[in-house]
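Just so you know, the protein sequences line up as chains A and B, in that order. Under the working numbering, the first residue of the first sequence is numbered 8, with each subsequent residue one higher. Under the working numbering, the first residue of the second sequence is numbered 13, with each subsequent residue one higher.
Since the hints were derived computationally from the structure, they do not count as laboratory data. Incorrect hints may have been included.
[Said to hold, decoys possible] Sample of chain A residues at the chain B side, in silico, Cβ under 7 Å:
id	residue
1	Met8
2	Leu16
3	Met77
4	Gly78
5	Gln124
6	Thr128
7	Cys132
8	Glu134
9	Ile159
10	Leu160
11	Val163
12	Glu167
13	Ile170
Built from N, CA and C at the ideal position, the CB exists for glycine as well.
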Amino acid sequence: MKELSLNILDIAQNSISANADLIYITVHENISENYLKIIISDNGKGMSKEFLKTVTDPFSTTRKTRKVGMGISLLKLVTEQTDGAFSIQSEIGVGTVVTAEFTLNHIDRPPLGDIEQTISTLISCNEHIDFVFTRKVNKNEFVLDTREIKKILNGVSLSEPDIIIWIQEYIKENENNLLEE
Amino acid sequence: MKSLADLEAIRQKTINKVNLRNENEGDTRIVVGMATCGIAAGARPVMQAFVEEIQKRNLNGVYVSQTGCVGLCKFEPIVEVYLPGKEKVTYINMTAEKAAKVVNEHIVNGNVISEYTIGNLE
Chain A
8 MKELSLNILD IAQNSISANA DLIYITVHEN ISENYLKIII SDNGKGMSKE
58 FLKTVTDPFS TTRKTRKVGM GISLLKLVTE QTDGAFSIQS EIGVGTVVTA
108 EFTLNHIDRP PLGDIEQTIS TLISCNEHID FVFTRKVNKN EFVLDTREIK
158 KILNGVSLSE PDIIIWIQEY IKENENNLLE E
Chain B
13 MKSLADLEAI RQKTINKVNL RNENEGDTRI VVGMATCGIA AGARPVMQAF
63 VEEIQKRNLN GVYVSQTGCV GLCKFEPIVE VYLPGKEKVT YINMTAEKAA
113 KVVNEHIVNG NVISEYTIGN LE
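Chain A on its own, in the form it takes in the complex (with noise of 0.2 Å):
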């Protein structure tokens, strides 16, 4: 994957399948800190024990068309390469959070990519989730909730390719105004 913002579309998708309803994206750099940091979390139906431990490595799926599931292992690799960390929490009935961090100016980090297609096509695509992306640089944050959208739109459908787009719009204008600040 060439952006990061595909992998944070990748891990997404483990929460929707886990059943969420309503997924928190994070995206956070600090550059006095030097860190880029991103938090998916979620209310899905969460791991057992067992499978948490066996979920990084990608031999380890829970998919029935094949028996390797690469998405984990391959967000895993990158924060390895970057020199930051990764991890994952999960409880049965709670949810999951998945942790990865990377060296904001190392030479390996891939960019962030076009967050706000991951993030559009989340939203588009599954009406009955609800999303709440935050993105912050360094202190300042910008955040997106769905719960909001909805109570606008009041019934018309997020896949509309005219709110597809204004969000996508939406959340460029508003991290370009982040990292002029």
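Model the placement of chain B on the given structure of chain A, informed by the hints.
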């Protein structure tokens, strides 16, 4: 600067659009494979191209959604197109350029682009 207040206007516009449609017309669905294999092969820009093309042409009742891995990872990005009353068409090895073509040829004009379909393999 965009604000949440813009959504009210988009909402109105969408409602007007939906009201214009004949209730008997079914929706067209475009389904993009979005498992690790699909994403790594470039599914997200393909989905983006579909959304942009549908918006640009102001198409009504055409929706893009996602699915998981169907076990044909080496042919990803895979896209399935469901036109109302028609059989499913499966496109393989998709790109953003091909996606724009599929909207124009298949979804607007009703002509399946056979050379992009999985049936063309044989």
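- prompt: Which of the listed hints are broken here?
  reply: Per hint list: single violation, 8.
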